[in-house]
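Q: Residue numbers (the working numbering), protein chains in the order written: chain A, 1 to 517; chain B, 1001 to 1385.
Treat the hints as calculated values from the structure; they're not laboratory data.
In this text, a Cβ means the ideal position worked out from N, Cα and C, and glycines have one as well.
All the given hints hold, so there is nothing to weed out.
A few chain B residues facing chain A, derived, Cβ under 7 Å:
#1 S1146
#2 A1147
#3 T1150
#4 C1151
#5 L1154
#6 I1157
#7 A1158
#8 D1175
#9 I1179
#10 I1182
#11 V1186
#12 L1193
#13 F1197
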Amino acid sequence: MADGMSPFDYQDEHSSIPILDYWRFDIPLRKDQDMIYWPTVNSMEWPYGTKGPVLNISQWSGERLLPILPLERHRAAAAGVSAAAPVPRGAVNATGALLTVAAVLGARRWQRLRLRAVPAQGEDGSKGKVLEVRAGRIRRKPSDEEESTQDWFDFDRDLEGLKTIFLGNPLNVMLVFTPLGLASQSLGWGEVATFGLCFLAIVPLAKLLGEATEQLSCSVGQTLGGLLNATFGNAVEMIISVFALREGLTEVVKGSLVGSIISNLLLVLGMCFFFGGLNYQTQRFNANGARTQYSLLLLAILALVIPTVVLLTGVRPESELLISRGCAIVLAVLYICYLIFQLVTHKDEFAAAETEDDCEEEAEPSLSPGTAVALLVAATLLVAPLSEALTGSVEGVTKTLNISDAFVGVVLLPIVGNAAEHLTAVTVATKDKMDLSLGVALGSSTQIALFVVPFTVIIGWILGVPMDLNFRSLDVSILLLTVLIVGSTIVDGESNWLEGAALMSAYMLIAVSLWYL
Amino acid sequence: MPPAAEQPHGCARECSGIATVLCSWINFLLIFVPLGIYSHMKEWSAAARFSCNFVAIVPLAAILGASTECLAAHTGQMIGGLLNATFGNAVEMIVTVNAIKAGLVTVVQGSLLGSILSNMLLVLGMSFFAAGVVEKESRFSAKGASANMTCLTLGSIALALPTIYNCMEDTPTADVLSISRISSAVIAGVYVLFLIFQLFTHAHLFAAEGVLDQDLERLYQPKGRFWQVSTERTLLNFRPVPEIVTFYAWEVLMSACSSILLLLGATITVAICSEFLVDSIEGVTEEYGLPGAFIGVILLPIVGNAAEHATAVTVAAKGKMDLALGVAVGSSTQIALLVVPFSVIVGWVFDVPMSLDFRIFDTAVMILSAPRQSASQLGRAVLGS
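With the sequences and hints as input, model every part of the structure.
A: Now the structure itself:
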């Protein structure tokens, strides 16, 4: 067997071969005298918007020409195969020089396959090669007419899924605080009690929001899923800030924005590195992707810092709001560019070191899209009054417990808003998927800096509240120092527990100086 | 290793060991030790007392380092590392304690910042100096550099926050002090974690790649006294050995007992001289109008760090940039993580208002030099590996 280079010069342009028929995957074999060459297929993908799947080929192998195996076998097999079964084996067909693999119709979307050619024996005793599916399942693309199983609700599966979500996570015990929190506000149990109960109630709701978003993005696709993640991931923070703005607490909102950014960068990242480092000596991640994210983050934070610095010089104090609103619009445009960059043009930069994503582990999402949307809406509807109660009680809490405004805004509130992502990131880090947690932490802070901040300014504009981007010098320096220390940890592409401990200590130092403010 | 038959044993060995440590070029300055004590007793002018004691401490620091190495060689890797970590910074810590007891807070702050900055700027200078030399074969593992840099950045954050806090309006000074004290406790905790990291969990990142066998032959060259060989030692990233004594096998030099004795002797002498030194600082400030901060930033770091700097510069001159960088970075990390919180806690104990509120300029320089250093370190790591 001649491995490696074939006499045919298949270079880059042939490293992915398109397949036009989703029923049969015709992988062209090449015949050269009595030798036959077939590709070693790494994976098969079907990018959206293209006509058909493509095979990614790593090399061509060659062998002497093999006898024919009948093709009809596959058609018969295909007809009788159920929706969830893996692909049956194909065979070498030397007359037509085709290798065919029969596909089965399935559910909604394509997933990656890993294929390899293995020797096999046909029914008549002849030997040949078959293309074997190593992992994954083939699905049809959703826009297909035949047997479109795109249904919005699927009760059996949904019930299972909901059961897993609700009963599987011990955090959901805290859901009991939801009615308690709402009750304490209306029954007047005191501001501190309201704050505490609402705080505890929002945590599991945030987690549910995250789960629902994840399931929805599995069904709906990468781009839309990304957008959903972006919006609903920060939903809790956005809702809290809307209610806080309505009360006129602009300082608290500004503080909570800064706090969200630093809590993502220091607390979440620190805990990921630390707990992951307890299990693994060093964890590698895609330094390139991390650095790209990091430079975007730096850009975003500079965009936040500039209005403050400009206003510090005191040149035109009356145009304070105008400058801030202008910057907010610029940030919003930058955010759209960032989304396009991340989801469309430079997807590969953000690909994990191993190309896995959450959805691939389960064959299909455990919730159908309809249920996921319903769960999303329900969770959001519950979070809204809770956060209203929370922000309403902030003033009372700061007076009673004698904690500073800054501490509540910068330290406590963001922990509530971030709880879901926090838990996800740490769990994923302990499973050695550091790219994912980095993406969550860095991406989340970039989203807050680029999306939530202009969102709050614009909402303030609409509500007529003077929300501007004039942060305190302490906040600005905290942001810059945070970015500095995070940069030093991710630039080498490796992480260990000490870096995590250092990041968490940095957060503690900041919290200490804010406590006394 | 010199063959066992040739080594002197017992008392002779101890005496020759101690003599070797004491009789090298830098120890000519040891004559200033009695001179310094004498100057204090006879109440010479402040400047004279200052200079005598100043010059006296420099060789004492070197001896301290050498005897720590000897002891460390006898006790094994981890305890040796811990010993290095503590006694390596002994001079700075002793001077700091004395200065805080005297209430000279600005001097102490200056000396801390000056030590860190001088280490960093030295690194900068040496990188320019050795810019043309690319050392492919590095004896020093640069993988531990990242952890060092993170801790150094953390240290700068701990210094920056109280400073910025103090600059804001209507923030009471008592709060700055509390913030500094709590921050120091946190940083001291991080130092303990750093030690655990360096000595237990990730020790392999910091051990230098050892000396190769063929170097062994080259290194062991009997020259005069048979145990005097010239070499580059394998260094832990703690305190570099001042190159007054260059040995391959430290444990040959003297036994644990005599190294402990030498260590204690050196420490006590340093304590005495530094007390006299600190006493004279106030006099010097009055007589010559030098601000305390100047003395702190420029002069005092020389005392603590001279031996290290000498090592780093000589090593860089031989082209071993990685080693030099590692020495300087490790030294600044030690100061930022250990000596700084130590000084604040000592101030807490003695009820002196020692806070981490440095001047904005100094803090800014420190913060800005950190990424430059990390870039050069990383550049070396990428080029070298």
